[in-house]
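Asks: So you can see what is in the structure, the chains are spelled out below.
There are 4 protein chains.
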Amino acid sequence: MATTTPAERHIESASDQSREVARIAAFSDGVFAIAITLLALQLDVPSGINVDVWAELGGLQSSFVSFAISFAVIGSYWVAHHRLFSVVERYDRRLIWLNLLSLFFIVLMPFTTSLVGEHGNVAVSVVIYAVSIALAGFANTGLAAYALVGHRLCSPSVDEQRTKYYISRGLVIGLVFLASLVLLPLGTSVVEFSWLSLIVIQRVVRWRYARPGEV
Amino acid sequence: MATTTPAERHIESASDQSREVARIAAFSDGVFAIAITLLALQLDVPSGINVDVWAELGGLQSSFVSFAISFAVIGSYWVAHHRLFSVVERYDRRLIWLNLLSLFFIVLMPFTTSLVGEHGNVAVSVVIYAVSIALAGFANTGLAAYALVGHRLCSPSVDEQRTKYYISRGLVIGLVFLASLVLLPLGTSVVEFSWLSLIVIQRVVRWRYARPGEV
Amino acid sequence: MATTTPAERHIESASDQSREVARIAAFSDGVFAIAITLLALQLDVPSGINVDVWAELGGLQSSFVSFAISFAVIGSYWVAHHRLFSVVERYDRRLIWLNLLSLFFIVLMPFTTSLVGEHGNVAVSVVIYAVSIALAGFANTGLAAYALVGHRLCSPSVDEQRTKYYISRGLVIGLVFLASLVLLPLGTSVVEFSWLSLIVIQRVVRWRYARPGEV
Amino acid sequence: MATTTPAERHIESASDQSREVARIAAFSDGVFAIAITLLALQLDVPSGINVDVWAELGGLQSSFVSFAISFAVIGSYWVAHHRLFSVVERYDRRLIWLNLLSLFFIVLMPFTTSLVGEHGNVAVSVVIYAVSIALAGFANTGLAAYALVGHRLCSPSVDEQRTKYYISRGLVIGLVFLASLVLLPLGTSVVEFSWLSLIVIQRVVRWRYARPGEV
Chain A
1 MATTTPAERH IESASDQSRE VARIAAFSDG VFAIAITLLA LQLDVPSGIN VDVWAELGGL
61 QSSFVSFAIS FAVIGSYWVA HHRLFSVVER YDRRLIWLNL LSLFFIVLMP FTTSLVGEHG
121 NVAVSVVIYA VSIALAGFAN TGLAAYALVG HRLCSPSVDE QRTKYYISRG LVIGLVFLAS
181 LVLLPLGTSV VEFSWLSLIV IQRVVRWRYA RPGEV
Chain B
216 MATTTPAERH IESASDQSRE VARIAAFSDG VFAIAITLLA LQLDVPSGIN VDVWAELGGL
276 QSSFVSFAIS FAVIGSYWVA HHRLFSVVER YDRRLIWLNL LSLFFIVLMP FTTSLVGEHG
336 NVAVSVVIYA VSIALAGFAN TGLAAYALVG HRLCSPSVDE QRTKYYISRG LVIGLVFLAS
396 LVLLPLGTSV VEFSWLSLIV IQRVVRWRYA RPGEV
Chain C
431 MATTTPAERH IESASDQSRE VARIAAFSDG VFAIAITLLA LQLDVPSGIN VDVWAELGGL
491 QSSFVSFAIS FAVIGSYWVA HHRLFSVVER YDRRLIWLNL LSLFFIVLMP FTTSLVGEHG
551 NVAVSVVIYA VSIALAGFAN TGLAAYALVG HRLCSPSVDE QRTKYYISRG LVIGLVFLAS
611 LVLLPLGTSV VEFSWLSLIV IQRVVRWRYA RPGEV
Chain D
646 MATTTPAERH IESASDQSRE VARIAAFSDG VFAIAITLLA LQLDVPSGIN VDVWAELGGL
706 QSSFVSFAIS FAVIGSYWVA HHRLFSVVER YDRRLIWLNL LSLFFIVLMP FTTSLVGEHG
766 NVAVSVVIYA VSIALAGFAN TGLAAYALVG HRLCSPSVDE QRTKYYISRG LVIGLVFLAS
826 LVLLPLGTSV VEFSWLSLIV IQRVVRWRYA RPGEV
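Protein chains in written order, with the working numbering: chain A, 1 to 215; chain B, 216 to 430; chain C, 431 to 645; chain D, 646 to 860.
Among the clues, some could well be false.
[Unchecked claim] Only some residues are given here: those of chain C computed to face chain B with a beta carbon under 8 Å:
hint, residue
1, I464
2, A465
3, D522
4, S544
5, G572
Treat the hints as calculated values from the structure; they're not laboratory data.
Here a beta-carbon is modelled for each residue, glycine too, at the ideal position from N, C-alpha and C.
So that you can see chain A by itself, here it is in the shape it has in the complex (with noise of 0.2 Å):
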């Protein structure tokens, strides 16, 4: 306890970073959870004592569908973060960082799920929408390639398949979301009926990259 060799400083300092990584990884979580859970704010409860339920849910339609879309896109955000953050062993400053810049866009998506809810007609929603979810994907995509790329901060373990897989998550949703834009002179909502094809995309992205039990 009182005196160190550098060889045992070197440990502790290795069992430090993973300690603090650990504390990045949970913080990242909770703006991941809380973001989630606020995107069913949005849905707003019709108001008034003589309204007609039935006919104001029916109008909240198109809040639901923006709520389950962002659920779901949240979600593949959370898992690859969380599949990146298992091989993830250091951090410095530009880590920190770029993870805050791609918890920026997820905190934007309760706003922008909104957005989409209340004015899924106009175009203009729907771009913010787009590109807001794009930016995620790239920053998420940014994130991965600086941990991994030369093994800069994970585990000289991870070979080059798993890198390519972990950088490609992100970057895939974020293409397909800004692809989809081609689509919004047909109009907006077969810009949206588009990203159901990402169900199809990451299962191709998958089975390429993906080892077996790869999650």
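With chain A's structure known, arrange chains B, C and D on it following the hints.
Replies: Just chains B, C and D now, with coordinates in the frame of chain A:
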């Protein structure tokens, strides 16, 4: 640290899995904690300066009852989730998404609670409230069944009795809320009153399946 | 890993229990953290473009005072909870539900704080606020008594003095808030002013019961 | 398990302390995570069906800027808190309350951010915003000074340079926000613009005090 035999790698892997399962549980806890705290946000403070506060609070009675019921329901689901994850040792893609599905219905509860609090005398509100709680229960049962049947993701020391108990917990809550809807022709307050039967029914289930000391 | 003697199983079980107690504490911390942060949501930003911001903020004075009081109250309860769970080693069904009961009153605090902030000059608001805080205190005392008396769920190393201190913490806060209501005929601000006595009273309790270094 | 010598008890005690410090840090992380996520709640979605969404969003520009600034400020304070608690090993009553005091100003930030977002052209809003951020910084510095000076609550391995760095972090942010108010006669936007100087100033502080690799 440098080279590990396959056997060592397997041990590391088990400890990593358990760390990742803990992070999934912690994220879920976050969602449960936020949803249960947001329930109280639906209690509207009377606004205006010369308002009759006492009379206005009387109008909140129904909101307060629905708040208390939902608090107990989320509490029950959290206890069930907490118990389930105390025996889960591994995870895969399906566990994560089944878990997110069960959280989806928890996240909806502040909205449905607010709906039934303000429009509890309208049948459609009560139906939506009961169905969403039932779906949360069935999702919890699906999650438990997936993890425990055939010891897919839990320790082999989990015996059949405990598996049955954990699977039945969400199911029982879900069935009671669903069955309560047959009482709708008798009025919405009869339905709401029938939910109290859960206190007895859960006790019977516990007495039938739970081992002594089980929570 | 394969076969364990009963003795080994007991050790595992103790470590499992302690892990689960930690998860209960973490869930509770989440609720405390969210409730304390939501307190500030009741501070309404003046709306409108040509509004006199300075005058409007003056109207928020009472809301700000109630926010600060509630922050200190939730903080105190959190410290008491934190200290209690540092000695709890096992758990059972009753502990979980007593804990949920004490969280129930914490979750109510953003509502009651907002009520007393906006209608602090109305007796009924002050009564509801003081009673709900008192109930939170009594629930905390019930929780502590259940866990510590006869060392039911704590380590045998917890001595009688510490048990008394932990049991009295919530009780004292609850009694002071309850007793303050006898001053209601003198006006609501006298009641609110009397709460400051807690600063002295808690110091006396600590001086009487707490061991040196105890928090 | 049964009998422990005083020396053993001391070791247990140190490990207990470290576990409790971790719980204080986790609670604080929760508050930081919630406050940073609630910042986005102030972004009001334009309401009404035939509203000009694009024009309405233009009116949100100032709210968005204040949201981004506050996100960066809370992020900075969280990093400072995270670093500080990575070296804190023990705790006492004062540390807990100094920590709660610093969280008090973090909890205020969604309110002050909303205030400056909606009334950023009114001097009083900018003053309140800057002063509350400054107080958060000074509280953080007080917390760091209390824990680190004379190694009161940290490991003896924390050297003087690191102590200075950790104490100066909150102080610098606080001083810059406070000093910015002398520019108020030049207009509120000049004040807001001057906050960008922090990017340079923090870099200088880091270059002057931080050891290589320090975050």
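Asks: Of the numbered hints stated previously, which ones are contradicted by the structure, given in increasing order?
Replies: Violated: hint 5 alone.
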